[in-house]
Amino acid sequence: MNVRPVLVLLTLLTAMTLQADTKPASSTQLATMGGGCFWCTEAVIQRLPGVKKVVSGFAGGHVANPSYEEVCTGTTGHAEVIQVEFDPAVVSYEKILEVFFEAHDPTTMNRQGADEGTQYRSVIFFHNEEQHQAAVRAKAAAQAFWPDPIVTEIAPLAKFYPAEGYHQNYYRRNSSQDYCTFVIKPKVKKLEQKGVIPKN
Numbered sequence: 054m055n056v057r058p059v060l061v062l063l064t065l066l067t068a069m070t071l072q073a074d075t076k077p078a079s080s081t082q083l084a085t086m087g088g089g090c091f092w093c094t095e096a097v098i099q100r101l102p103g104v105k106k107v108v109s110g111f112a113g114g115h116v117a118n119p120s121y122e123e124v125c126t127g128t129t130g131h132a133e134v135i136q137v138e139f140d141p142a143v144v145s146y147e148k149i150l151e152v153f154f155e156a157h158d159p160t161t162m163n164r165q166g167a168d169e170g171t172q173y174r175s176v177i178f179f180h181n182e183e184q185h186q187a188a189v190r191a192k193a194a195a196q197a198f199w200p201d202p203i204v205t206e207i208a209p210l211a212k213f214y215p216a217e218g219y220h221q222n223y224y225r226r227n228s229s230q231d232y233c234t235f236v237i238k239p240k241v242k243k244l245e246q247k248g249v250i251p252k253n
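Taking this note's numbering, the leading residue of the sequence shown gets 54, the next gets one more, and so forth.
Don't take each hint at face value.
[As the list claims (entries may be wrong)] As a list, the in silico BS3-like pairs of lysine-lysine whose alpha-carbon atoms are at most 27 Å apart:
id : residue 1 : residue 2
1  : Lys-105   : Lys-243
2  : Lys-105   : Lys-247
3  : Lys-247   : Lys-192
4  : Lys-240   : Lys-106
If you are wondering where the hints come from, they were derived from the structure by calculation, not from laboratory data. Computed from a predicted structure; not experimentally measured.
Construct all of the structure, not just a fragment, from the sequences and the given hints.
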């Protein structure tokens, strides 16, 4: 018996089985943006259906692996940002940007409320040219709702650095903390009432 054809057939069958068992590549995408304190932005964006994960961190600066304390000095060039993993089949990048512009004041330079400094600047870090163009369009569309010029920076993402663990999922884990009670909660409730984000 010639075993070669049998071996070839077994090899082909094995390859077909492995191909059938292999899961398709992840269909999620990433978006990175900053709208002041990342605790606030995270609390809003993570409420959107289709958002799989939100990580608070830093981007846009010149210091590698910065700590929160370093970024707070305003000397690292980094902004407080969130990186969002989302399913574009459920929520579009454009929708996320629309909510982003609703969730903060994009007309104040390097400031959101009492938080002041370049680390609190309004910024969109795009991951590709498609996101770049979408960000430009979203900024132009948002301007119709603000009497003052929007100062949101739009720039390519060079590197994202996750913040320390205690910053992650902050509002959900610390809802009774003063900042959450007096700053984040009213913002979330306002956006709920406007129908920008779903109610819990």
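Here is how each hint holds up against the structure:
1. Lys-105 <-> Lys-243: 23 Å, holds
2. Lys-105 <-> Lys-247: With Cα atoms ~23 Å apart, Lys-105 and Lys-247 stay inside 27 Å; holds.
3. Lys-247 <-> Lys-192: With Cα atoms ~20 Å apart, Lys-247 and Lys-192 stay inside 27 Å; holds.
4. Lys-240 <-> Lys-106: 20 Å, holds
In the structure shown, no violation is registered for any of the earlier numbered hints.
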